Amino acid sequence: MVAGRRRTPWYRTQTGVLLGSIAALVTVGLVIYGVMNARTTAAESSRLRTSLTRYTGEIRSLLESVRPPVAAMVAVPTEGPPPEELFTQAESWVKELEAAATRAQAIPPASGQQEAQRIFAQATALYVDAARTFSDAALANEASQKPILLRAAAQRDHATAFWQVGVSLLDSARSEAGLAPSGLSSPGEPSAGAQPPPQATPSPSPGGDDGGRKNGDKPGGGDKGGDD
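Take 27 as the starting number for the sequence shown in our numbering and just add one per residue.
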């Protein structure tokens, strides 16, 4: 009886070898693509972080120029007559904030931060409107001053709300890029490095050192008490 002819394994056939070669080429191609894609992604992430860091610095610089006039506006009372120097102060705020608004319009946004940039620019422009309204209040008659002051304060607070939205958008983008929060505050808040005003030193009470004695103590009684 003649033994049957052994069949060649499929992977050794011409078709099998061809399929194996194609599979190997596809695998190599996928590996190369993965490596190149990882490098591209890493480079894009690095560029995004650099762009966000640069933009955050620009907004921080803008904040420092906006902070003094806005903090001064926050201090203006809306009850009672405004300070006598309000008109002069408000005109100064208008000039400072107009310069800041022009600067805000010229800041190039970070990648994907066009909306945040628009909001920061709009907030700065709203602060200009508030400063002008404070100036109007200073010139108004006594009966009209309060509603104008309230309108100025509302414009100021509206601008601050816009600014906070811009900070939230920027911090969200920084978080997605693996960066820490910006640390940007609202213009009406003191800067992180600002020192609180010194506390007034209480004046000594009449009687000098005797002011600290209890009622009924006699001068010199303190030394006796220490010997008991």
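Treat the hints with caution; some may be incorrect.
Unchecked claim - Derived DEER-like restraints, expressed as beta-carbon distance ranges:
#1 128 <-> 191: 18 to 24 Å
#2 39 <-> 79: 58 to 64 Å
#3 100 <-> 69: 40 to 46 Å
#4 194 <-> 67: 25 to 31 Å
#5 165 <-> 206: 19 to 25 Å
#6 211 <-> 165: 31 to 37 Å
#7 87 <-> 48: 54 to 60 Å
#8 79 <-> 168: 27 to 33 Å
#9 101 <-> 138: 20 to 26 Å
#10 129 <-> 183: 39 to 45 Å
#11 166 <-> 129: 29 to 35 Å
#12 111 <-> 87: 24 to 30 Å
#13 76 <-> 166: 46 to 52 Å
#14 169 <-> 114: 31 to 37 Å
Hints were generated in silico from the structure; no laboratory data involved.
A quick note: this is a predicted structure, and the numbers were derived from the prediction, not measured.
The beta-carbon is built from N, C-alpha and C at its ideal position, and this holds for glycine as well.
- prompt: Do the Cβ positions of residue 211 and residue 165 conform to the proposed distance bound of 31 to 37 Å?
  reply: holds (32 Å)
query: Is 18 to 24 Å a correct range for the gap between the Cβ atoms of residue 128 and residue 191?
result: holds (21 Å)
field: Assessment of proposed distance window 24 to 30 Å (beta carbons of residue 111, residue 87)
entry: About 28 Å separates the Cβ atoms of residue 111 and residue 87, which means 24 to 30 Å holds.
- prompt: Quick one: are residue 166 and residue 129 within 29 to 35 Å, going by C-beta?
  reply: holds (31 Å)
field: Distance restraint hint 54 to 60 Å, applied to the beta-carbon atoms of residue 87 and residue 48
entry: With Cβ atoms ~58 Å apart, the hint holds.
query: Falls inside 39 to 45 Å, the C-beta gap from residue 129 to residue 183?
result: violated (22 Å)
- prompt: Between residue 79 and residue 168, does the beta-carbon spacing fit 27 to 33 Å?
  reply: Since the Cβ atoms of residue 79 and residue 168 sit about 51 Å apart, the hinted range of 27 to 33 Å is violated.
message: The hint says 31 to 37 Å between residue 169 and residue 114; measuring C-beta to C-beta, is that right?
response: violated (22 Å)
field: Satisfaction of the hinted span 58 to 64 Å by the C-beta atoms belonging to residue 39 and residue 79
entry: At roughly 59 Å between Cβ atoms, residue 79 and residue 39 fall inside 58 to 64 Å, so the hint holds.
query: Do residue 100 and residue 69 keep their Cβ atoms within the hinted range of 40 to 46 Å?
result: holds (44 Å)
query: For the pair residue 194 and residue 67, does the Cβ-Cβ distance stay inside 25 to 31 Å?
result: Given about 26 Å between the Cβ atoms, the range holds.
- prompt: Should the hint that residue 165 and residue 206 are 19 to 25 Å apart at their CB atoms be regarded as holding?
  reply: violated (46 Å)
Hint compliance for this structure: hints 5, 8, 9, 10 and 14 are broken, all remaining hints hold.
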